[in-house]
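Q: Please arrange chain B on chain A, whose structure you already have, making use of the hints.
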Amino acid sequence: DTGVSQDPRHKITKRGQNVTFRCDPISEHNRLYWYRQTLGQGPEFLTYFQNEAQLEKSRLLSDRFSAERPKGSFSTLEIQRTEQGDSAMYLCASSSTRTSGSADTQYFGPGTRLTVL
Amino acid sequence: AQTVTQSQPEMSVQEAETVTLSCTYDTSENNYYLFWYKQPPSRQMILVIRQEAYKQQNATENRFSVNFQKAAKSFSLKISDSQLGDTAMYFCAFNDMRFGAGTRLTVKP
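Residue numbers (our numbering), protein chains in the order written: chain A, 2 to 118; chain B, 428 to 536.
Hints were generated in silico from the structure; no laboratory data involved. Treat the hints with care, since some could be wrong.
To be verified - Simulated crosslink set (DSBU-like; lysine-lysine; CA at most 35 Å straight-line):
1) A:Lys58 - B:Lys535
2) B:Lys482 - B:Lys497
3) B:Lys505 - B:Lys535
4) B:Lys535 - B:Lys497
5) A:Lys58 - B:Lys497
6) B:Lys482 - A:Lys58
7) A:Lys58 - A:Lys72
8) A:Lys58 - B:Lys505
9) A:Lys72 - A:Lys12
10) A:Lys72 - A:Lys15
11) A:Lys58 - A:Lys15
12) A:Lys12 - A:Lys58
With the rest of the complex left out, here is chain A:
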């Protein structure tokens, strides 16, 4: 098991461009989460999936953000028409509810650092 991976690790883009990030969770994990983290702050929840179903989406997430997990494995997060305020670290995490049946330990990826110029 290689842990949670994210690609790319860094992305620099110009305002108005679209960007897409990928997350590969730990293979047996059924839950996958996306967070945004700005410098010196805690992770801010964006959305999460259980298998391929998107179960919750933060009210803070504008319509420019969309996430998918089509086969219940990897996930993508797309930001359309990026703005300078989107500059942040985007974290992915995965967990399993199969043992606890509820919230369980999350395993985080290294994050994708987005810079919007």
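A: Just chain B now, with coordinates in the frame of chain A:
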């Protein structure tokens, strides 16, 4: 909505000493999980310790222990025999989606 509050933005401790990080939360649920995560500088976030609300016994993991006060909705983390490698941001989390703003801990030699 559940909220998580960490009232200490920064703390420091001398190597080998003990430090306690505070966390309070707000919820109307009776069964839930609480977590402390550690994020070292430029490294991935990892779990330090977890507590299930229905368990009255405080969780311990080697040098890390918690003081869980359910009625007071308090969940503090105690680090004993602090080591230089404990220098990191520490985040308290409620269930699997609500994180506090973090406490930056510096262990001084």
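Q: Indicate, hint by hint, whether the structure satisfies it.
A: We went through each hint and held it up to the structure:
no., hint, in the structure
1, A:Lys58 - B:Lys535, "41 Å, violated"
2, B:Lys482 - B:Lys497, "10 Å, holds"
3, B:Lys505 - B:Lys535, "17 Å, holds"
4, B:Lys535 - B:Lys497, "32 Å, holds"
5, A:Lys58 - B:Lys497, "28 Å, holds"
6, B:Lys482 - A:Lys58, "30 Å, holds"
7, A:Lys58 - A:Lys72, "19 Å, holds"
8, A:Lys58 - B:Lys505, "33 Å, holds"
9, A:Lys72 - A:Lys12, "25 Å, holds"
10, A:Lys72 - A:Lys15, "31 Å, holds"
11, A:Lys58 - A:Lys15, "26 Å, holds"
12, A:Lys12 - A:Lys58, "23 Å, holds"
Violated hint for the displayed structure: number 1, the only one.
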